[in-house]
Amino acid sequence: MAEAKNGIKNLLEFEKPLVPIFKKIEELKAVSAHGMDMTEEIKMLQKRIETLRREIFQNLSPIQIVQLARHILRPTTLDYINMMVEDFVELRGDRNYGDDPALVGGVGRLNGKPVLVIGHQKGHTTKELLARNFGMANPEGYRKALRLMRVAQRANRPIISLVDTPGAYPGIGAEERGQSEAIAKNLREMAALTVPFVTVITGEGGSGGALGIGMGNRVLMLQYSIYSVISPEGCASILFRDATRAPEAATASKITAKDLLEFDVIDEIIKEPVGGAHNDPSASAQNIQVSVTKHIEELSKLSPRELIADRYRKYRKMGIFIES
Amino acid sequence: MAKISIHEWFTRKKKAKAETEAVSARLDIPGNLWIKCYKCSATLFIKDLEANLKVCPKCNYHFKLSSAERIKLLCDEGTFKELNAEIRSTDFLGFSDSQPYQKRIEDSMLKSNLMEAVITGEGQVSSIPVALGVMDFSFMGGSMGSVVGEKITRIAEHGMEHKLPVIVVTASGGARMQEGIMSLMQMAKTSAALQRLREFGLPYIVILTDPTTGGTTASFAMLGDIHIAEPGALIGFAGPRVIEQTIRQKLPVGFQRSEFLESHGMVDVIVNRKDLKSTLTKILRFYKD
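As you go down the protein sequences, you meet chains V and G in turn. According to the working numbering, the first sequence is numbered sequentially starting from 1. According to the working numbering, the second sequence is numbered sequentially starting from 1.
These are calculated hints, taken from the structure and not from any lab test. Some hints could be false.
[What the hints assert, rightly or not] Cross-link-like lysine-lysine pairs, in silico, BS3-like; alpha carbons within 25 Å at most:
# : chain 1 : residue 1 : chain 2 : residue 2
1 : G       : Lys163    : V       : Lys185
2 : G       : Lys111    : G       : Lys81
3 : G       : Lys47     : G       : Lys111
4 : G       : Lys17     : G       : Lys47
5 : G       : Lys250    : G       : Lys39
6 : V       : Lys317    : G       : Lys163
Work the whole structure out from these sequences, hints included.
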């Protein structure tokens, strides 16, 4: 897993004001190595980093949130599973074509209670990302997810889906094997699930590829995650005919957790540690665990029929239009 | 300026448009008499093309039909009654690309003479009553925003209420980006409604026409009990350009066309336009008789 307290490396452009302080700390550490005690000074500087970071993170623009959502060190689905789920057993394959490493799932325990977890899987290095196809699932990934959701349903266990994908993979094989059909079928079948179902957008909620496992009774978003119908770059290149206008597109399309809460598309924002989830993955996992547990407990009071009705109500009211 | 309602504004504009059209009709511009087939480049007399249901007599290329033409093709004369015609899109995001979304909606209304990218209603196909939704590519590329999602959902609900088979003719570039996440949520809404229709035991038939891509394909277009496609229609999840850019390869000939989908098991039957109604009738009778 990623080094939790990442220092100067992997700072985003907007975090650059922190660089001189990090450098100063390194200098002081070098001096301490020669016998002088600089512990107090280093502590002070680390405090300054915290304060400055807090300030920077108070006013992030949508495109800066996009950068955080895509951060190479951002905890992945398997990171969260390792931190939250005990006795996890990964389950593979769609029983038809193959196994998709870009979408993982399995059974385990959350707070001692059995759950099924599915989620898109990215990575922290180029090698990992390539092996996971950057978290872009193929049809067999969506079909595996559906198979596992039905495993949970038959066992009467709640389902947690963790969403983190740029989108469903746009490739030749994906079209041949019916990417559209796989996603569409998941949407229809998720509507009919008789068990509690909670979705958490942990990073990138990329369009149909995200929604394909994301039709929970509750949809929660990490503070610095995004959820959109198209990437800001895609939106800019199609609608503005200029991909460099992505920052503008990110703002206009309303893709942050705060925006989506206002539109009632999501139910709750899960706080991230200062500096983002990658700055303290276990704190982020802890926040997710608390929130997901609460929602599963609430939903567990509903009967299978009520769970379906609850989900239907949620999605039936989506849409803004004028009717005279 | 005096305030007018959107409806008044729309009627006025429509009238103005009808007048200019009448003028150009009188002028009888020769440019409007002939058209080159997009596929085989044969020069076709428009009247002949229309008599042939807008199918090229030389190469069988199926030109796009408007929703009105499609309804005329499928429904028994005078049986179609439109439902939910009054639902309109609104620019709730305050979205503007090369022009504001609100203006785009209004321009599309004028240009297409439609209120939205789908017309829904009840009609009869060979005397069998059906609930029908017909998408129209000429309204913002048939894109799915809140209104398209709502009308598709309501026609499925109408089918359930009146125990009618539901038929949807698709023609859509995908989600309407100007409505952001709300357009994505239409995929969830329509699919959930179709789940109910399925539980109800009513048939849902999709007729896929050129083009059907993106969020439309990845929701209600691929959920039919039966999938009928017109020949040569582009049907896919990702657009061909996006795929080419991703894999950096040329795409094979015929990729994502109806015939490709049929051979990959995604489409039941490809039907020439002249046989569409009779084929649909046979399928409806399977359920009805």
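Verification of the supplied hints:
1. Note on G/Lys163 and V/Lys185: the hinted pairing holds, with a Cα-Cα distance of about 23 Å set against a maximum of 25 Å.
2. Proximity of G/Lys111 to G/Lys81 is assessed by CA-CA distance (about 23 Å); at most 25 Å being required, the pair is judged to hold.
3. Between G/Lys47 and G/Lys111 the CA atoms are separated by roughly 22 Å; this keeps the pair inside 25 Å, and the hint holds.
4. A C-alpha spacing of about 23 Å is found between G/Lys17 and G/Lys47, which places the hinted pair at or below 25 Å, so the restraint holds.
5. Only pairs whose Cα atoms come within 25 Å are accepted, and G/Lys250 paired with G/Lys39 is accepted, the gap being roughly 19 Å.
6. Proposed proximity of V/Lys317 and G/Lys163 is supported: the alpha carbons are some 23 Å apart, at most 25 Å.
When held up to the earlier numbered hints, the structure conflicts with none and fits them all.
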